[in-house]
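Take the sequences, apply the hints, and build the full model.
Number of protein chains: 2
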Amino acid sequence: MEPKELMGYYKMKVEENLKEFFKEKKKGLEHWSSREACEILEEYTLRGGKRIRAILMIVGYKMMGGKNDEIIKASSSLELIQSYLLIHDDIMDESDLRRGKDTVHKIYEKKHLKNGFGGRPIRFGESMAIIAGDLANAYAMEILSSSDFPAELKVKAIHKLNEIIEYTGYGQIIDIYSGALEEFKEEDLLLLHKYKTARYTIEGPLALGIILAGKEPEGIENYAIPVGIAFQLQDDILGLFGSEEGIGKPVTSDLAEGKKTLLIIKALENGSEEDRKIIMQALGNPAVTYEQLEKVREIVRRTGSLDYSKNLAKKMVEEAKDYLKGIEVEDEEMRDFLLWLADYMISRSY
Amino acid sequence: MEPKELMGYYKMKVEENLKEFFKEKKKGLEHWSSREACEILEEYTLRGGKRIRAILMIVGYKMMGGKNDEIIKASSSLELIQSYLLIHDDIMDESDLRRGKDTVHKIYEKKHLKNGFGGRPIRFGESMAIIAGDLANAYAMEILSSSDFPAELKVKAIHKLNEIIEYTGYGQIIDIYSGALEEFKEEDLLLLHKYKTARYTIEGPLALGIILAGKEPEGIENYAIPVGIAFQLQDDILGLFGSEEGIGKPVTSDLAEGKKTLLIIKALENGSEEDRKIIMQALGNPAVTYEQLEKVREIVRRTGSLDYSKNLAKKMVEEAKDYLKGIEVEDEEMRDFLLWLADYMISRSY
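Protein chains in written order, with this note's numbering: chain Y, 14 to 363; chain B, 14 to 363.
The hints are simulated quantities; they were obtained by calculation from the structure and are not laboratory data.
If a hint is listed, it holds; no wrong ones were tucked in.
Remember, identical chains collapse to one label, so a pair may be satisfied in a single copy or spanning two.
Calculated lysine to any residue pairs in the SDA-like style (CA-CA distance at most 25 Å, straight line):
(1) K40 x H172
(2) K272 x G129
(3) K127 x D106
(4) K173 x I85
(5) K123 x R133
(6) K173 x Q95
(7) K290 x R133
(8) K124 x R136
(9) K123 x R136
(10) K38 x D201
(11) K123 x L194
(12) K17 x D344
(13) K114 x R136
(14) K290 x G255
(15) K127 x E107
(16) K127 x M105
(17) K198 x R133
(18) K40 x E200
(19) K123 x I135
(20) K80 x I340
(21) K198 x H125
Quantities reported herein were computed from a predicted structural model and do not represent experimental measurements.
This is the structure:
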């Protein structure tokens, strides 16, 4: 299969599995409010996404010789973990929308308003969303622990998955601090990307697949961490230079959110006093204009900050590919997919 | 050992284990903000509590013939799950204090205020507390999955633990709805107690111990569910009729919080129009007076609602004990402990 075809195929398989899981889950629930929460989680989880984490888990498994179709079920647990983390993130960011639809806390808040419940709608919404997120995590652990793999391997996978979640939490803490602290260094930022993107999105899923194939996952980080950081760097580039259609959100939103990306950090370092002033006026300004955005883009280009990020991303992708070419695998198609994915990370426009 | 001595002994063992876990965990953390979160979790988890869930897991294990001291480590995971759920509950209830000290969101909020961070202190505090809770859950799963038991049994235990957390979530949802909806029925209340107290506090921990001992946990619910409900009924009785010293909070606080306990539900059902008015004026009223409390107490007594709860609790305890006396166990001391515990649930004054 072509890489994009492979992604589409496994995306469909994972989503079929999730639908089946929710169908069974709902059958066993006694109380209307449990069913309601379960339905909200189902809709939220299935409303979109590339399923990249589940797919990487499947690819890691097959690349190392795994043959059991239960990997589809096991990998779908990662999509529930994704819901868990996103639902909680949405509360922290006070986001109203996720993939163009109401976030979970917003769904419950609107329910409260519409029905005239007692108490405050926002508190009600956030409380329910905290619980809904926690439920998604429990579902994920249930799926993984009940998948048909040898118990020894499942225990290793569950341990690894919780380590991944743990480090994503540390990354999220750094992220929250980045909005609260004046000073935010390049090394903090790289650690944030390592925890929140590289480990969680790339290395963790691949490692989980390799573990379930009965192999040692240690080496794969030499591919996964640089690819993950390149992915994040490209995300930040698209967040500042991309098109609204491509990234699916206003092109000013990264600036408005005050994201201290490497692009911004390097431009602040190398820019003039005047440049710094322009950037700081735009950064974290919810009313930032398109004109301000254009000025920031110009500074990021002129100071060499854009090239710095692009070159760093390219270097990381090359490093990752070199490593991957040198290891022993049992399925060349999967290796080729990962080589393609590394390049795709920095060539994609969305 | 006497029952109280046994409780004290295992409480100490579990706490030793938690201290050791946090000591090791902190060693491996790279970033100051990860260590900070870990230290906050350590202090929060260790600041008190009877460790009843961990102790019940140990008792269930030993009663069914388990001999491995690793059960102490495995059971300490339940205390981290307790932190996970309490930290999130504290956010939902907007509680400032837990066991006489700042809740996690309050700790972070104060840090924000003291250091003059950017953004809003309350949002910062709640965001950090959501993550800190999530970390505690990941720690718990890591501990259980790395404890020295056969992998087959660990997988079963992890699956069960996540089911317990899932149902606690459903209970919490009912609890939040109970504050938001006008109508709250006895059957909703009993389901809430079954999920949040009986399954989570009593049945789940015992079942986990039995699973790790290699036995089937199914029957134990015939003991655990009634004891759990009796525990909750007694909690509600103490919440209305107890002393401030005994329960460690103002005697008016259950009323002020608007808790729709069985005592209140039955009094509303059987009281006069005037009685109902008095109760509704006190319920959920943050400024409820001691005089109002006395009137509500009188109504709850006069309508037979207090006796109804007491008799129900007594009946449940007898049912539980009858079941437990009839099963085969390998350690009589542990059975005696559970028989004592059932009686203790309704005789305790705190």
